[in-house]
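Colleague: Chain by chain, the residues:
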Amino acid sequence: MNEIPMFAVLFLFPVISSLPVALAWIYRPGEDWARKLPYLSVFGLFVSLLISLNILFNFEEGFYSYPWIEDFNINFVFVVDYLSKYMGALTAFIAFLIGVYGLEYMRDDYRLGWYWFFFNTFTASMLLVVYSDNLFTLLIGWEGLGIASWGLIGHWFRDDDDIAFVGTQGRKVGPLEMSWSPSTGGWRAISTIRFGDMPMFFAIAAIYALTGNLDIHSIPWEGMFEEIGYVGTVALLLLFLMGPFTKSAQLPFSEWLMTAMTGPTTVSALLHSATMVAAGTYLFMRLTWYIEPWELNIPGLETIYLLVLFLGLISALYGASVALGLRERKVLLAASTMSSLGLMFASSAASFWVGEAALIVAFWYLIVHAFAKASLFLVAGHLIHATHDRFCSGNLAFARKMKVAFAVTILATISLAGIPPFTAYWIKSGMDGVMEHLVADGMLLPFYLLVIVSLIYSAFLAKFLSLNFLKGEAPHHEHTEGGQLMKLAYTLMVSMQIVLLAIILLHYEEHASHFVEEGFLTTSLTVGILVTASYLIVLFKPAVPAFSRIGVFLTDRMYLPFLNDYILPQIGWVVIRVVDACNRGVDFFFHTAIPSAFEALSRAIRSIQKGYLRVYMKIVAGSIMLFLVIFSLMGW
Amino acid sequence: MILVYFLLVPILASLLAPFLNPKRATHLVSISFLIPFMAALVSLFQFSSYDFPIMNFSPPIGEFYILVDPVSNAFGLTVCIISAMVGYYSFPYMIHRFEEMGLGEEEYRKYIIIYGVYAASMLWLVYSGNLILLYIFLEISLITSFLLIYMYGYGNRRWVALLYFVWTNVAGVLTLVGFLLTAMDNSTLAIKGISAVGMTAWLLIFVGMLVKLPGLGPHIWLPWAHAEAPTPVSALLSPLTVGLAGYVLLRMYLIDSSFIDTYRDIIMVYAIVSSIYAGFAVFRQTDYKRLLAYSTVSQMGYILIGLCLGTFGLIGVVIQYMSHAFGKSILFMTAGGIIASYHGLRDVRKMGGLHEYIPSISNAALIGFMNLGGILAIGMFGEFFILRGVVDIYGSNLMSYLPLILALVFIFVLSGWYSFYTLRKIFYGTPRGMEKPRISRYLDLPLYIIGILSIIFIFPPLITVLLKGIKAVIGGGI
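These protein sequence lines are chains A and B, in that order. For reference, each letter of the first sequence is one residue, going 502 to 1137 in the numbering used here. For reference, each letter of the second sequence is one residue, going 65 to 542 in the numbering used here.
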């Protein structure tokens, strides 16, 4: 039972260590001593890192459980397996480095308590999601991710600084202003996520009702799917996957991710690499890992995996195209993340036909992407600090002043684009192999989509590099001194690419050698060369004025914001108006109509009691006549 | 057994309180509720379940006794902790209110005794082992809360108080008639003695409690009462009082579930419509307290839904009551905090960016809304068991009930939406250049105590014993 306390410290310590700064900021915001407390928070992240490394190297693979609500068979169950041990270490490492970076980046912020509390909660929640085998334990982490991301995206709640906005202020498309403030960004994130989380919550409750079990590894998946039949399987998994789809910003739920860039850059870096968006794909991988759909013969599963495959690829295509058109540093990277997540989903879904190997590819892509994307975001944050500009700007002269950032960007982009022989190339080769396998099964489209996405992907990475360091406009404002801690953080982050490359090429890991084999196949090499060509072309020609109309269409994200900000809210407001009218009606009926009817009745009764004989005579005569009429009508 | 004697403490304390100065009276009353809170908690941990006889009456009234079991302990400890915390909160708030109304501090004597009796009557209600006893406490809580609204409310408080009185009296009378019919059939009203509840009696009790809960239609009294009541009263009225209708229905269901079983689908659809309707109504409210009142209507829909969903639904009802009580009391107190800091500011349109000035209240509101949305607070379990219940009851015929299930899921989505929409409208966005007030610790610390409780309730050992105990009463489990 030595492991359980270790897990408890892993999850709780980051949160507890950030409480001092959170409390200090409620009651004594901005005092000098309170500005030192973030070091304690980062120490908490460091402890988590140590524990996760300990789990990686010293824990035996298996399941560790601690009683929670035994009567209902809901317990804390943590898993250490191939997926979780690497993912946990990755999360803790990236969070710690970003934490260090944040010490400098956020030093003068007006709301440190909020920032560090949610930053550490974010990390802890992700670790909980990573190591949970029990779906309810996982849900706690899942909800923690949601609330922490809301807090961090809307961190600069004052909405008073243009640097924190997304979009161009004042630019209108139809009735919609293409500009979003931090508090709007937070609201968009949590509302989208809520829309996916609740169906997933229901699906988990349904799994619980059907099997009486919530531990992913021991749920009798096959029996359950057979019991509920085709429709049941499709409905259940679709509802379940609403959670991962919204968290990982697949179409049509991608909008929140773009406006999530209103948060501090450190948040974007963490949100886009190892937490939050990765949680969706990670959960899908974890489920697939234990369902082992390639072993089963369930028609419902095939439908679902086919859906995920194409949804992933189409989202990847959308994200990559949009990124090609965007000029905001962080939003460009956000769109690219969406694209990568699509590829991860697609590749894991392909495991239905290909087997476990496809899952391994997706997982390795997640790792490579996480380090590369975190490096790029951290660089982007430094650039924003240095130039006070959200939009890409920078030329060679600027690059000379920001040598470290420049070098890191080069390394990160070429590692991520899939240019041989750098890290992502080997993984992408694996992915090419997976999609080729599908071609053999009669599905041509996935492979071509993957190639197109890869080309566009490397193009916008080159564009990012070029517009920020080579061929962009000269920055209006330059503040290139300092930033040592930031430089240290992103240098370390990007150097992980070299470590990964070594792991792959030197066969330190059993699955990695497979990627190397794939990398020397003709198809992979061809794709690699095409990708390199696309990278180089765009590097020298990052903007083509002739395509500016298409560019605007892409910059407006193919007008998807309309769905989120106009169509759906309009429907909502119509319902709200109807409800409001009904409320007024009911209120009037009960509180005005009935009382006044009674008042009128009372007045009428009182009006006849005036004491005049003629009034009473009239009433008597009238009643007699009325009776006579009634009797005669009744025929008596 | 000691719990039973501790139940007397709040009553004695409230009677004693007027003789002390306001501050001491507050401490006395609040602590007097913390004592039964601890006792209920201990009793929950011991899984105690027993009757404590008080008196015997001839049929058809039957035995009066105190009913202690995990369900009444769960409701009881919620009533206690919230009454205690709102008690502390009342002190600066009501003094401020009296100043506003031109009354002296002397008025606090009147207030504290009515407040104490009001809260204690709800506590006794959940431990009542006889329906007549239960009805008596229901009426006491009604009259005391009526008085508090009538004397210290806002706006057209006399009209609102009267309206509240009429509506809840309608509810009370219908329920009483239902109880009496039950008494005729069973020749006792002791809960343990009743074996069957006739359909007419059930219908009357159900409709009566529906008015009090309230469901769609009768809900219209609630926004008036909750908005115009003095905030500490709102903070008891909405979290505790209305939900007790759910408690009564739960007890009736445990005696005889025939009515719900027969009309399950109709009630379910009505509850869902009611919840969604009220959820949408929240968005357009401009008065913060009125907004919270509509959210109460929506949340009470959950309770009605839970009632229709078998044993797991019933577990959901208990947890939902607790979670809503925690969350809504925090939220009403934040509304009061804004009122006290900004001279009666209640108009949401004039708020915005308030986090800048009152961060402690803003953060408490976040915890409150997290409770409503079931995010990292005990409400999570409520939602989970309700969802589990819906699969049990309607899962076998998935396709034909899919709309119903999706509507239920949508309710939870909606509650999250209005929570964060409201948060954003009130506390975030560009600050409006207001002054930074000094917040009394009495106005924010109680909120955090409730908030922390609602969060530690999802971890062992609290949730473990709570669910184990409820299961022992209601049944269920794997």
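The reader is advised that the hints may include incorrect statements.
What the hints assert, rightly or not - Where chain B lies over chain A, by a calculated footprint (3+ residues, C-beta under 8 Å):
1. 521–533
2. 728–739
3. 812–823
4. 978–990
5. 1075–1081
To be verified - Now the in silico label distances, taken between C-beta atoms and shown as ranges:
6. B:Ile95 / A:Ala1098: 48 to 56 Å
7. B:Leu526 / A:Leu946: 50 to 58 Å
8. A:Glu1018 / B:Ile519: 36 to 44 Å
9. B:Pro524 / A:Phe1048: 54 to 62 Å
10. B:Ser464 / A:Gly943: 55 to 63 Å
11. A:Trp1074 / B:Ser464: 39 to 47 Å
12. A:Met1118 / B:Val237: 19 to 27 Å
Please keep in mind that the hints were generated in silico from the structure rather than gathered at the bench. Glycine residues also receive a C-beta, built at the ideal position from the N, C-alpha and C atoms.
Colleague: Does each hint hold? Answer for all of them.
Modeller: A quick look at each hint next to the structure:
Coverage of a stretch by a chain is defined here by at least three residues with a beta carbon nearer than 8 Å to that chain's beta carbons; for the segment 521–533 of chain A and chain B the count is 4, and the condition holds. Look at the segment 728–739 of chain A against chain B: 4 of its residues bring a Cβ nearer than 8 Å to a Cβ of that chain, three or more, so the hint holds. Figure legend: the segment 812–823 of chain A, annotated as covered by chain B; annotation inconsistent (0 residues with Cβ-Cβ distances under 8 Å, at least 3 required). Proximity of the segment 978–990 of chain A to chain B, defined as three or more residues with a beta carbon under 8 Å from a beta carbon of that chain, is not established by the 0 residues found.
Only when three residues or more bring their CB closer than 8 Å to a CB of chain B does the claim for the segment 1075–1081 of chain A stand; here the count is 5, and the claim holds. Checked against the hint of 48 to 56 Å, the C-beta distance between isoleucine 95 of chain B and alanine 1098 of chain A comes to roughly 50 Å, which is consistent with it. Under the hint 50 to 58 Å, the C-beta atoms of leucine 526 of chain B and leucine 946 of chain A, about 53 Å apart, fit the expected range. Roughly 51 Å separates the CB atoms of glutamate 1018 of chain A and isoleucine 519 of chain B, a value that falls outside the hinted 36 to 44 Å.
Take proline 524 of chain B and phenylalanine 1048 of chain A: their Cβ atoms lie about 60 Å apart, and the range 54 to 62 Å holds. As the Cβ distance of serine 464 of chain B to glycine 943 of chain A is approximately 36 Å, the hint placing it in 55 to 63 Å is violated. Separation of tryptophan 1074 of chain A from serine 464 of chain B is about 31 Å and departs from the stated range, judged on CB atoms against 39 to 47 Å. The given range of 19 to 27 Å is broken by methionine 1118 of chain A and valine 237 of chain B, whose C-beta atoms sit roughly 40 Å from each other.
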